[in-house]
Amino acid sequence: MSGKKRRRSGSYRPPGGAAPSPREAPEPAPRRGLLDTLFAPRTGGPTSMPGGVRSWVRGIVTVFGSPWIVGTGLVLILVIWIGAVLAGFKGPFALLANALSIPPISTLSVDATIPFSVASGSGLSVLAAIFATLAFRAVVYAAFTGAVVDQLEGGAASHWSLLRGLRALPVTLAASLAGFMILTIGQQLAPLLGGLALFALLAAVVLGTYLFAFAPVIALTEDVGVLSAISRSVRAARMPRSGNLAFAALYATASVVLLFAPKPGGLLGVNPSVVAWLVVLVTSLFHLVFQAALAFRYLCVADEVPEPAARPQPAGRGRR
Amino acid sequence: MSEAAPVAIARLVHLRVHRAVVAALAVAAMALVAVPALAQVSSDWSQFQGDAAHTGFSPNGPQPPFELLWHAPVEPGGPLGTQGLSAPVVSGDLVIAVAAEEVLAFDLATGAQAWSVPRTLGPPAQPAVALVAGRPVLLYTEGWAGHPPQAGATGATGPASTPSPSPGAGGTTGPVDSRLVAIDPETRDQVWEPVELTEVSGAGVTVDGERAYVADSNGQVFAVDASTGEVEWSESIGRPVDAPPAVAGGAVVVTGRGTAASPAASIVAFKAADGSPRWRQVVDSPAILSPSAPAIAGDTALVTFSDGTVRAYDLDSGTERWSSRPGATPTPTGSAAALFDGAAFVTDTTAITGSVYRIDTSSGSVVWDFAVNEPIIQGAPVVSSGSVLVATTDGSLNAFDPESGERIWRDDRVGALHAITPAGSVLVAVRSRPRAGLDAFGPDPEGGLIREVSPTTPEYPRIVGTFAIVALPLTGLALVIGRLLTARMAAFEDEADSEDER
Numbered sequence: 001m002s003g004k005k006r007r008r009s010g011s012y013r014p015p016g017g018a019a020p021s022p023r024e025a026p027e028p029a030p031r032r033g034l035l036d037t038l039f040a041p042r043t044g045g046p047t048s049m050p051g052g053v054r055s056w057v058r059g060i061v062t063v064f065g066s067p068w069i070v071g072t073g074l075v076l077i078l079v080i081w082i083g084a085v086l087a088g089f090k091g092p093f094a095l096l097a098n099a100l101s102i103p104p105i106s107t108l109s110v111d112a113t114i115p116f117s118v119a120s121g122s123g124l125s126v127l128a129a130i131f132a133t134l135a136f137r138a139v140v141y142a143a144f145t146g147a148v149v150d151q152l153e154g155g156a157a158s159h160w161s162l163l164r165g166l167r168a169l170p171v172t173l174a175a176s177l178a179g180f181m182i183l184t185i186g187q188q189l190a191p192l193l194g195g196l197a198l199f200a201l202l203a204a205v206v207l208g209t210y211l212f213a214f215a216p217v218i219a220l221t222e223d224v225g226v227l228s229a230i231s232r233s234v235r236a237a238r239m240p241r242s243g244n245l246a247f248a249a250l251y252a253t254a255s256v257v258l259l260f261a262p263k264p265g266g267l268l269g270v271n272p273s274v275v276a277w278l279v280v281l282v283t284s285l286f287h288l289v290f291q292a293a294l295a296f297r298y299l300c301v302a303d304e305v306p307e308p309a310a311r312p313q314p315a316g317r318g319r320r
Numbered sequence: 321m322s323e324a325a326p327v328a329i330a331r332l333v334h335l336r337v338h339r340a341v342v343a344a345l346a347v348a349a350m351a352l353v354a355v356p357a358l359a360q361v362s363s364d365w366s367q368f369q370g371d372a373a374h375t376g377f378s379p380n381g382p383q384p385p386f387e388l389l390w391h392a393p394v395e396p397g398g399p400l401g402t403q404g405l406s407a408p409v410v411s412g413d414l415v416i417a418v419a420a421e422e423v424l425a426f427d428l429a430t431g432a433q434a435w436s437v438p439r440t441l442g443p444p445a446q447p448a449v450a451l452v453a454g455r456p457v458l459l460y461t462e463g464w465a466g467h468p469p470q471a472g473a474t475g476a477t478g479p480a481s482t483p484s485p486s487p488g489a490g491g492t493t494g495p496v497d498s499r500l501v502a503i504d505p506e507t508r509d510q511v512w513e514p515v516e517l518t519e520v521s522g523a524g525v526t527v528d529g530e531r532a533y534v535a536d537s538n539g540q541v542f543a544v545d546a547s548t549g550e551v552e553w554s555e556s557i558g559r560p561v562d563a564p565p566a567v568a569g570g571a572v573v574v575t576g577r578g579t580a581a582s583p584a585a586s587i588v589a590f591k592a593a594d595g596s597p598r599w600r601q602v603v604d605s606p607a608i609l610s611p612s613a614p615a616i617a618g619d620t621a622l623v624t625f626s627d628g629t630v631r632a633y634d635l636d637s638g639t640e641r642w643s644s645r646p647g648a649t650p651t652p653t654g655s656a657a658a659l660f661d662g663a664a665f666v667t668d669t670t671a672i673t674g675s676v677y678r679i680d681t682s683s684g685s686v687v688w689d690f691a692v693n694e695p696i697i698q699g700a701p702v703v704s705s706g707s708v709l710v711a712t713t714d715g716s717l718n719a720f721d722p723e724s725g726e727r728i729w730r731d732d733r734v735g736a737l738h739a740i741t742p743a744g745s746v747l748v749a750v751r752s753r754p755r756a757g758l759d760a761f762g763p764d765p766e767g768g769l770i771r772e773v774s775p776t777t778p779e780y781p782r783i784v785g786t787f788a789i790v791a792l793p794l795t796g797l798a799l800v801i802g803r804l805l806t807a808r809m810a811a812f813e814d815e816a817d818s819e820d821e822r
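If you're matching them up, the sequences are chains D and V in order. Here our numbering is used: the first residue of the first sequence is 1, the next is one more, and so on. Here our numbering is used: the first residue of the second sequence is 321, the next is one more, and so on.
Read the hints as simulated data drawn from the structure, not as lab findings. It cannot be assumed that every hint is accurate.
[As the list claims (entries may be wrong)] Derived DEER-like restraints, expressed as beta-carbon distance ranges:
#1 Pro781(V) - Glu307(D): 53 to 61 Å
#2 Leu400(V) - Leu196(D): 52 to 60 Å
#3 Val602(V) - Ile185(D): 32 to 40 Å
[Unchecked claim] Result set (SDA-like, lysine to any residue): computed pairs, CA atoms no more than 20 Å apart in a straight line:
#4 Lys263(D) - Pro695(V)
#5 Lys263(D) - Leu794(V)
#6 Lys263(D) - Ser554(V)
#7 Lys263(D) - Ile783(V)
#8 Lys263(D) - Pro775(V)
Computed from a predicted model, the values in this text were never measured in an experiment. For each residue, glycine too, the CB sits at the ideal point set by N, CA and C.
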């Protein structure tokens with residue numbers, strides 16, 4: 001070994017081991033950022049956020065190291081597909097490639113398309129079907145958050161992990177609804193944007209992933225409410241030099257490309273081929289790995305996330 | 321799967337009990353639905369979807385399997401060279417179609433060109449043949465009202481169920497040269513002086529007895545005496561008309577497209593006798609709605625819309641009887657329905673997929689669907705004897721069993737196919753580039769039929785089996801990778817730390 005001082009950046013260790021400690025360097029002066037009026041000032045200097053490659057590898061280890069997560073994830077895809085077919089969905093099957101993605105990516109495909117296809121009648125019934133699907137997807141998202149966090153924290157994911165994950169349900173539900181609203185508004189604005197609509201859509205998806213992706217992990221590990229979790233998620237995402245934007249953009253872009261790229265199972269039909277199953281199941285594992293990688297990234301910097309800025313006292317208050 | 325249980329049970333009972341007497345039902349359906357309209361014209365396919373009611377039903381049309389009899393090449397024309405042929409009509413031994421700047425007639429038996437008549441440049445809208453005192457009169461529209469298609473405009477290359485390239489209501493920018501022309505298809509002599517329209521017309525002509533109906537993109541509807549050319553009445557619906565009016569039961573039903581200023585589509589019925597308004601319905605939509613040509617089944621007018629809905633209206637009162645959305649996706653243009661045996665056959669499409677549906681005309685419920693998985697643009701289905709025929713933009717011609725919904729025959733060739741026209745024992749359709757022109761199909765004595773269920777028919781054992789074939793090895797592989805990576809994780813993190821520090 002070289003003997004040089006090692007900075008254990010991103011070396012999240014499960015409880016019982018050496019927890020990552022915040023760096024001892026003095027906090028630099030807060031820098032005003034775009035959202036500082038709403039959230040905390042951005043901190044300067046490097047963070048303990050692990051690099052992209054390490055996050056992905058840790059995500060793979062987390063998911064692939066647990067027969068429970070892999071098995072449940074894959075079987076869930078089968079269950080979702082059979083449920084959709086029983087409800088009258090005619091395909092394309094390839095939509096399910098994003099069934100385990102996080103909102104708003106999942107909203108782009110599964111959450112809106114399948115209910116719209118199977119619900120007949122008035123707009124209200126379509127809306128009700130969409131909200132039912134959003135709620136189901138929020139449960140799935142929360143449950144897998146519990147599983148990956150348990151696995152990361154050194155335990156083994158089990159059905160108890162899935163139950164524990166339900167603590168994050170309010171947050172995942174809020175994220176799903178927010179994703180749906182963002183995309184609905186985007187759809188209405190799309191005609192005004194013309195050729196830029198696709199880029200605007202991608203930007204909305206990246207932004208949603210970037211800002212809100214940590215929220216379920218926060219709700220689960222820190223037992224905070226929806227607004228606190230989302231606020232903290234935004235602050236964690238915006239930590240400088242954390243590479244979060246690039247990490248989210250890479251994932252969101254890959255997911256959107258996967259969604260629109262021609263692939264097996266892209267036509268109408270309810271009996272998928274072996275190749276179509278392979279593509280959808282591998283992609284589903286990819287989404288679970290990303291979820292685990294996100295959880296890992298947040299747990300590594302949990303102690304470094306800046307607190308919200310205190311709201312300045314309005315002049316004159318308390319003078320009486 | 322989308323059927324309600326009572327409907328499914330009813331269907332099952334229907335299949336078991338009525339299979340033996342299906343031929344009798346077909347005859348009854350002909351009598352109830354098609355014959356009133358057919359009785360007023362010749363048995364030829366004389367206009368859009370065959371008759372004034374637009375039933376799309378040919379009681380004596382050919383049955384699959386088919387073979388290609390002949391191909392008559394016709395290169396697309398017009399300023400952009402993109403305007404193909406209109407949907408053809410049949411007059412005696414001739415099949416007649418409108419091209420950008422001429423009207424062409426072909427011998428039905430051989431495909432040889434019989435004659436051509438020059439025409440003022442205009443959208444290739446479907447002509448019609450009226451019988452006046454026992455003699456055929458060919459009616460077609462011409463002219464582009466001073467604004468022929470420019471680069472980037474979409475050319476109307478097919479049947480009249482699709483939007484014309486018109487500028488919308490109003491807005492004429494040049495001299496109006498749009499006319500309704502009548503010629504004798506045997507002598508090619510003009511029968512009467514052309515009737516001036518108020519705007520370009522891409523809708524096509526409808527004939528009912530000795531009266532012709534035509535509408536233009538100003539929304540003006542004309543009823544013209546086919547024997548004299550006299551305009552008997554003219555009324556406006558206030559929206560661009562892209563599809564030919566349907567006429568039955570003393571009513572003329574016209575559909576109007578929504579515009580940017582007013583996205584809602586409208587369906588308007590006039591009294592055929594004098595053009596007085598009968599009823600009017602407006603279909604609201606957040607997006608511009610393009611309706612299909614109406615089709616009239618008994619006392620019900622059926623219209624499909626570009627939002628994917630099919631709606632049924634009482635022919636007398638205009639009351640909406642039902643609305644059904646058979647497909648998952650909106651379709652760019654409403655596809656006109658074909659009517660047979662108490663059912664409407666409609667199609668929808670996306671850029672890569674298309675489906676055929678059988679809808680019960682009394683309830684609006686979907687009886688069956690078949691995913692063709694090819695786009696079906698300008699693809700109004702046709703019922704030829706006992707087969708539902710659908711042409712696709714990928715170039716295939718498909719035949720379906722109207723009872724079971726199974727595909728029973730398929731032919732696949734290069735070039736988009738549309739506008740199927742049954743003509744006696746022959747089937748003529750328009751094909752686009754690279755093999756543009758007319759294709760004629762006839763019965764193939766050596767061909768065979770198939771029985772293919774829709775890919776949207778679930779086979780649960782197959783679903784689970786295919787899943788297991790993939791999921792089991794994938795799970796094993798994932799766990800092996802997980803174990804290997806877990807063992808090497810510490811070393812990896814050290815390396816990654818070093819890289820991070822560098």
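Task: Proposed proximity, Ile783(V) with Lys263(D) (alpha carbon, max 20 Å) - done: Holds, at roughly 18 Å.
TODO: Below or equal to 20 Å on CA atoms is what counts here, so check Lys263(D) against Pro775(V).
DONE: holds, 17 Å
Open item on the list: Given the hinted pair Lys263(D) and Ser554(V), is their Cα-Cα distance within 20 Å?
Closed with: Answer violated: Lys263(D) to Ser554(V) is near 53 Å, above 20 Å.
Open item on the list: Assuming the hint says 53 to 61 Å, is it satisfied by the Cβ distance from Pro781(V) to Glu307(D) or not?
Closed with: Roughly 57 Å apart at Cβ, these two residues keep to the hinted range, so it holds.
- [ ] Quickly compare the C-alpha distance for Lys263(D) and Leu794(V) to 20 Å and report which way the hint goes.
- [x] Distance of about 19 Å is within 20 Å: holds.
- [ ] Could you grab the alpha-carbon distance between Lys263(D) and Pro695(V) and see if it respects the 20 Å cut-off?
- [x] Between Lys263(D) and Pro695(V) the Cα gap is close to 17 Å, so the pair holds against 20 Å.
- [ ] Indicate whether the distance between the beta carbons of Leu400(V) and Leu196(D) respects the range 52 to 60 Å.
- [x] Since the Cβ atoms of Leu400(V) and Leu196(D) sit about 28 Å apart, the hinted range of 52 to 60 Å is violated.
Open item on the list: Given a hint of 32 to 40 Å, does the C-beta separation of Val602(V) and Ile185(D) actually sit inside it?
Closed with: violated, 27 Å
Checked against the numbered hints given earlier, the structure breaks hints 2, 3, 6 and satisfies all the rest.
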